[in-house]
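Chains as they are written, first to last, in my numbering: chain G, 1 to 119; chain W, 1001 to 1112.
Please keep in mind that the hints were generated in silico from the structure rather than gathered at the bench. We treat Cβ as the ideally placed atom computed from N, Cα and C, and that holds for glycine. Errors might be hidden in some of the hints.
A short, non-exhaustive set of chain G residues, derived as facing chain W with CB atoms under 8 Å [to be verified]:
| no. | residue |
| --- | --- |
| 1 | Leu45 |
| 2 | Asn61 |
| 3 | Trp109 |
| 4 | Gln111 |
Each chain is listed here by its residues.
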Amino acid sequence: QVQLQQSGTELVKPASSVKISCKASGYTFTSNYMHWIRQQPGNGLEWIGWIYPGNGNTKYNQKFDGKATLTADKSSSTAYMQLSSLTSEDSAVYFCAREPIYNNYFDYWGQGVMVTVSS
Amino acid sequence: DVVLTQTPPTLSATIGQSVSISCRSSQSLLDSDGDTYLNWLLQRPGQSPQLLIYSVSNLESGVPNRFSGSGSETDFTLKISGVEAEDLGVYYCMQATHAPWTFGGGTKLELK
Chain G
1 QVQLQQSGTE LVKPASSVKI SCKASGYTFT SNYMHWIRQQ PGNGLEWIGW
51 IYPGNGNTKY NQKFDGKATL TADKSSSTAY MQLSSLTSED SAVYFCAREP
101 IYNNYFDYWG QGVMVTVSS
Chain W
1001 DVVLTQTPPT LSATIGQSVS ISCRSSQSLL DSDGDTYLNW LLQRPGQSPQ
1051 LLIYSVSNLE SGVPNRFSGS GSETDFTLKI SGVEAEDLGV YYCMQATHAP
1101 WTFGGGTKLE LK
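Given the sequences, and given the hints that come with them, work out the whole structure.
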């Protein structure tokens, strides 16, 4: 069965960076898009961008250009998102979610990673 | 960016009651390929969102058929025909026609 297992809670300092992971199993990692979505406390959902692990192509929401960097390791079927120059505004839960190729929806989601930015 | 406006923001229902949630888009969501990429998600308390309906009216596998979606262009509706206790949570519409993909503000379904 398809599973997306995300890394654990992060407490990080302002101005630092953090890299969170999403390990995929139960399907062909390189043949589906992996998206990342942010949910700030008490708020709704924002789409950050996607990566296609088959060739490493990425697309970002302009709002997150320079903030988020998406990568993927085919050998371990793991997608990563690095967030840089962290501020309190980046405190949120971050989800990875799979899009079956060319289907324009998310059929599986990770459990989410809470990132807290605090000194 | 496309703005999705959901109403009502909060919905109180009794078990067995039928309810509807509206999602209105600031632009037409009809894609040049002929499809309309408007999806509905449910986020139960403490959980990740899950897909209920994709492309306006297609029920995701495993989702009960008391959920249905309808609409076109800029106006869409999610209907629950007979609310059950497990349906409580926040419902989001989401569009994937125009980049960046965007979400509605959510509708919280509570028990009356």
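Checklist entry - Holds or violated: Asn61 (chain G) as interface residue toward chain W, Cβ cutoff 8 Å? => result Check passed: Cβ of Asn61 (chain G) comes within 4 Å of chain W, closer than 8 Å.
Item to check | Hint check, Trp109 (chain G) versus chain W [nearest Cβ-Cβ separation less than 8 Å] | outcome: Because about 4 Å separates Trp109 (chain G) from the closest Cβ in chain W, which is inside the 8 Å limit, the hint holds.
Next on the checklist: Just to be careful: measuring from the Cβ of Gln111 (chain G) to every Cβ in chain W, is the smallest value less than 8 Å?
Outcome noted: OK, holds: Gln111 (chain G) within 8 Å of chain W, min 6 Å.
Checklist entry - Would the stated hint for Leu45 (chain G) survive a check requiring a Cβ distance to chain W of less than 8 Å? => result This interface hint holds because 4 Å falls under the 8 Å limit.
Comparing the model with each numbered hint stated earlier shows that all of them hold.
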